[in-house]
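A.B. asks: Residue numbers (numbering that gives the first Met the number 0), protein chains in the order written: chain A, 0 to 147; chain B, 0 to 147; chain C, 0 to 81; chain D, 0 to 81.
Take these hints with a grain of salt, some might be off.
Some chain A residues close to chain C (C-beta under 8 Å, calculated; not the full set) [to be verified]: (1) M22; (2) G23; (3) Y51; (4) A118.
Simulated from the structure, these hints should not be mistaken for laboratory data.
Remember, predicted model here, so these are calculated numbers, not experimental data.
Virtual Cβ for every residue (Gly too), placed ideally from N, Cα, C.
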Amino acid sequence: MIKLTESPFDAAEALRDFEKSAMGAGAIVSFTGLVRDTSKLGKVKTLHLQAYTPMTERGITKAASDANKRWPLDALLVIHRIGDLAPGEPIVFVATASAHRRAAFEAADFLMDYLKTEAVFWKKETTDSGAHWVEPRPEDYEDRDRWS
Amino acid sequence: MIKLTESPFDAAEALRDFEKSAMGAGAIVSFTGLVRDTSKLGKVKTLHLQAYTPMTERGITKAASDANKRWPLDALLVIHRIGDLAPGEPIVFVATASAHRRAAFEAADFLMDYLKTEAVFWKKETTDSGAHWVEPRPEDYEDRDRWS
Amino acid sequence: MARLHFFGRLMDAFGTNTETVALPAGINDTSALRAWLDNERQLGGLLLEKTIRVAINDTIVSEPWPIADSDDIAFLPPVGGG
Amino acid sequence: MARLHFFGRLMDAFGTNTETVALPAGINDTSALRAWLDNERQLGGLLLEKTIRVAINDTIVSEPWPIADSDDIAFLPPVGGG
Numbered sequence: 000m001i002k003l004t005e006s007p008f009d010a011a012e013a014l015r016d017f018e019k020s021a022m023g024a025g026a027i028v029s030f031t032g033l034v035r036d037t038s039k040l041g042k043v044k045t046l047h048l049q050a051y052t053p054m055t056e057r058g059i060t061k062a063a064s065d066a067n068k069r070w071p072l073d074a075l076l077v078i079h080r081i082g083d084l085a086p087g088e089p090i091v092f093v094a095t096a097s098a099h100r101r102a103a104f105e106a107a108d109f110l111m112d113y114l115k116t117e118a119v120f121w122k123k124e125t126t127d128s129g130a131h132w133v134e135p136r137p138e139d140y141e142d143r144d145r146w147s
Numbered sequence: 000m001i002k003l004t005e006s007p008f009d010a011a012e013a014l015r016d017f018e019k020s021a022m023g024a025g026a027i028v029s030f031t032g033l034v035r036d037t038s039k040l041g042k043v044k045t046l047h048l049q050a051y052t053p054m055t056e057r058g059i060t061k062a063a064s065d066a067n068k069r070w071p072l073d074a075l076l077v078i079h080r081i082g083d084l085a086p087g088e089p090i091v092f093v094a095t096a097s098a099h100r101r102a103a104f105e106a107a108d109f110l111m112d113y114l115k116t117e118a119v120f121w122k123k124e125t126t127d128s129g130a131h132w133v134e135p136r137p138e139d140y141e142d143r144d145r146w147s
Numbered sequence: 000m001a002r003l004h005f006f007g008r009l010m011d012a013f014g015t016n017t018e019t020v021a022l023p024a025g026i027n028d029t030s031a032l033r034a035w036l037d038n039e040r041q042l043g044g045l046l047l048e049k050t051i052r053v054a055i056n057d058t059i060v061s062e063p064w065p066i067a068d069s070d071d072i073a074f075l076p077p078v079g080g081g
Numbered sequence: 000m001a002r003l004h005f006f007g008r009l010m011d012a013f014g015t016n017t018e019t020v021a022l023p024a025g026i027n028d029t030s031a032l033r034a035w036l037d038n039e040r041q042l043g044g045l046l047l048e049k050t051i052r053v054a055i056n057d058t059i060v061s062e063p064w065p066i067a068d069s070d071d072i073a074f075l076p077p078v079g080g081g
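Isolated chain A, as found in the complex:
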């Protein structure tokens, strides 16, 4: 399941619901990305996440489908925030369920690499020293290239 939301969400509740939906899977991996409270440029006030609907959803759906082809998954969940986020709030939650623990780990890792470098989002960080757009770092692209 893929969900973009303007409202804050609770990662623990998301894990609880996912665990129910994945009954019998054996192994569940989750990734939670949180807005940091400090960046290189100072104390973070807000992080703005911009998407381009429906391209953003379509891309994530395709990545989820790629993950399902590549690993034997029983369930998969991606929740991604858009709009204005405060420090400490979850930006992204990815969960994967499988009978095989390494499949669950790899699929979650793969999806996060996709989300960091290919998912159609733009991020603007506002700190006490101003605002700037954050683009992927070289190591994000290197991480993604592990899967090709």
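With chain A fixed as given, assemble chains B, C and D onto it according to the hints.
C.D. replies: Leaving out everything else, chains B, C and D in the frame of chain A:
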């Protein structure tokens, strides 16, 4: 933090508490291992987990310390059940927090490989066709050997 | 009229997320559009950057790609969420 | 008296998790203990398996390792949780 417990625990609550303890980390990875409801030998009735205190705790504490040396972690949690478990109950919960998402993924993966092959536990599965002790599979040892 | 979309730092540079333009005669592919728009808005080459991709009617294209006055044209700086 | 501990399938084979024994004269290392105990309990070689490790006073040892009548001796089949 390392915790062995005879009582059932809630993985979602564990993630919630961990997220609080890891404030400002940016990336949190969790692994939940659940008792499966079916095995090769039939429908699972119970899984019994035996430990050898204090050797079991000492080993996990050492593995956690190895993970902390190897990756820049802000927090780390291992909860492991002992005693009798019913299908669907969590056996193990591992969570790692870091500023770097790949560090969080790798440390959780590493700890699970340790827990599967080196942690001092014995598992007895009772199915409708009888009871047997479950030992690690060859691929569990191969997974572990990735880290050495 | 073509509808243009600007994302990320391009939104700040254009001062808007979207606008409509009448494509002048001769501006009939993405390369010509980039050059014309960058010049007209005095962006100093921002729109010519290779890391900025173009999507036409919701699909990223290999450039240069033909454009028409009825198209939805989006300029996408490097993407990334998480 | 030495205290013996049996885990996993060894617990089932011995019918107990722990017992105390007086080590006979000559049984003064782990190899001798394995052979004597396996023979005495008619385990058919179960205790001679190489995958079974021995811990003395809570520490896994390289065998053969000397044992004394005051030791805590645990027989550990392959471990694994999760």
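A.B. asks: Which hint numbers doesn't this structure obey?
C.D. replies: 1, 2
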